[in-house]
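Protein sequence lines, in the order shown, are assigned to chains L and C. Residues in the first sequence are numbered consecutively from 7, following the working numbering. Residues in the second sequence are numbered consecutively from 20, following the working numbering.
It is worth saying that the hints were derived from the structure and are not from the lab. These figures come from a predicted structure and were not determined experimentally. C-beta: ideal position from N, C-alpha, C; glycine also. Wrong hints could be hidden among the right ones.
Some but not every residue of chain C turned toward chain L, in silico, with C-beta under 8 Å [as the list claims (entries may be wrong)]:
id	residue
1	Tyr-67
2	Asn-70
3	Ala-106
4	Phe-109
5	Val-194
6	Asn-197
7	Ala-207
8	Val-243
9	Ile-244
10	Val-246
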Amino acid sequence: MSESDGGRESEGAKEGEARAESAPPASPTQPAADLVANEAAADEPKVPSTVVAAMPSLAATATDADVERQLTRLSRRGFLTLAAGGASAVLGWRWLISRPGDSGQPWPLRRALQTNEALWEALWDPTRLAPTYPRSAAAKNPRVNGRLGLDAKADPAAWKLAVEGAAAGPLTLALADVQALPAHDLVTELRCVEGWTIVVHWTGVRLADFIAAYPPAGRDGAAADLRRSDSMPPFLALETPGRGYYVGLDMQSALHPQTLLAYAINGKPLSWDHGAPLRLVAPMKYGVKSLKRIGTLRYSFVRPTDFWYEHGYDWYLGH
Amino acid sequence: MESIPGSDDSEGGSMKRLVPKHPLAVRWFHWVNFPLLALMVWSGFLIYWANPVYRIGWGEHTLLAMKLSPKLYQLLHVNSRLAQGMAWHFFLMWLFAINGVLYVAYTAVSGEWRHLLPDRRSLREAWQVMLHDLHLSKVAPPQGKFNGAQKIAYTMVVVMGLGSLLTGLAIYKPVQVNWLTALFGGYATARFLHFWLTVGYVLFFLVHVGQVVKAGWNNFRAMVIGVEVVDEPATEEPS
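Start from the sequences and build out the full structure, keeping to the hints where you can.
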């Protein structure tokens, strides 16, 4: 860069000298003065009048030579700034990708995801609902995606739900216990983190109703009050039996009226690959949070880990 | 498109003059935007590849599927990098948005918008520019600071930027801003628009670079140093 600038400078000088013989005298300063004012570069000197006086052969073409010099200076500054900016960007990028990982991402990117999470948690409006559709809009054969933690040979009749962290102590529930709560139908969009969507008709109970029926223990050990977020454990952990798949959920999302513990799809009990006999449906999250075949539900005061979080994804994944 | 009439080097009887063209702030916004947009497109591509469903075609006919061959994906190492794409996308989106908002605010406050916003003559001028650039017409279109085609292109790309931010928000928070997602026709449509806007940037970039190359060094240098060299007949030099 500086080399080519040097080249230009000497070229300009030669050009100026060549013109000295033929070109008529011209007022040298006006355009340069405009330029200097515009660039706020008051320190850029014009050709000193003493130099012009000492070199009468240059005086005739001071303007063109002056312009060339000015151009060279501005070019040098401009292109060096651009090169420095480009170099900083490359160095910044290389620095960033070489940072130690935090759950599969360089820590600065992980911090950015956490900052986004804090912002959206703060802006969260629980009255905002995922769009719902008529039942006729639901897919007849809903796409199956993700079989982690599932078992085609598992016996649904032998299934039990373990609840940990409840005020009543560790609980073991049967599907009938869950189905004793009010049933809700929900026809809504499942949005996969990959980018595709599908409209599904679910039937289940509100997780909020379940939490009210089997409330968590607060920090003092007594039953927490659902209406007082400071007394509630802020997280919920869900796992498949054997922990082949596991997710963490923030309590706000767990208490959302559209968050269901679903046991039916299109009016029929869940098949094993849709998460029989009981799965989570959390329409304010990407599909990965809607864990199938819930084995354990745990109230937690510490943020539970999450299968895809450990693979570099955002923990929150909230919509 | 971006050439300056009469900027050829003529001998004798003319005088060089440096004319301020792009304000410092605009140059910063422009060059900061370049890597940001490139990385947004790149990270968006990593996200899109998890579900590359778009195409140009109708019915059963596909002219162009918006994906590369699996072999090429292997070669580019872009397989299974959805998490990385999302992490970058949701980090850089802030910088991209801030830079864009500052640019628009600057053009509004400084009055620079007067050179950029198309007016009722711009469409006809843009047509002339196109005919001229395709060598179908010898009539040089009127060239102010920017010609009609430039005004339309530079304004359109800012509107596209706003479109990307809004469709992006619509698919980023489709429950919290469900009204916005609905405005774009739902999640799937918003994602579709978000994707094609990106294709639009790539096309803009190709045309832009082509035009910059065609317009020459003086024009390009002005975007770096702010001033352009203009040759003027010495006799018309103002005092």
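Hint numbers the structure violates, sorted upward?
none
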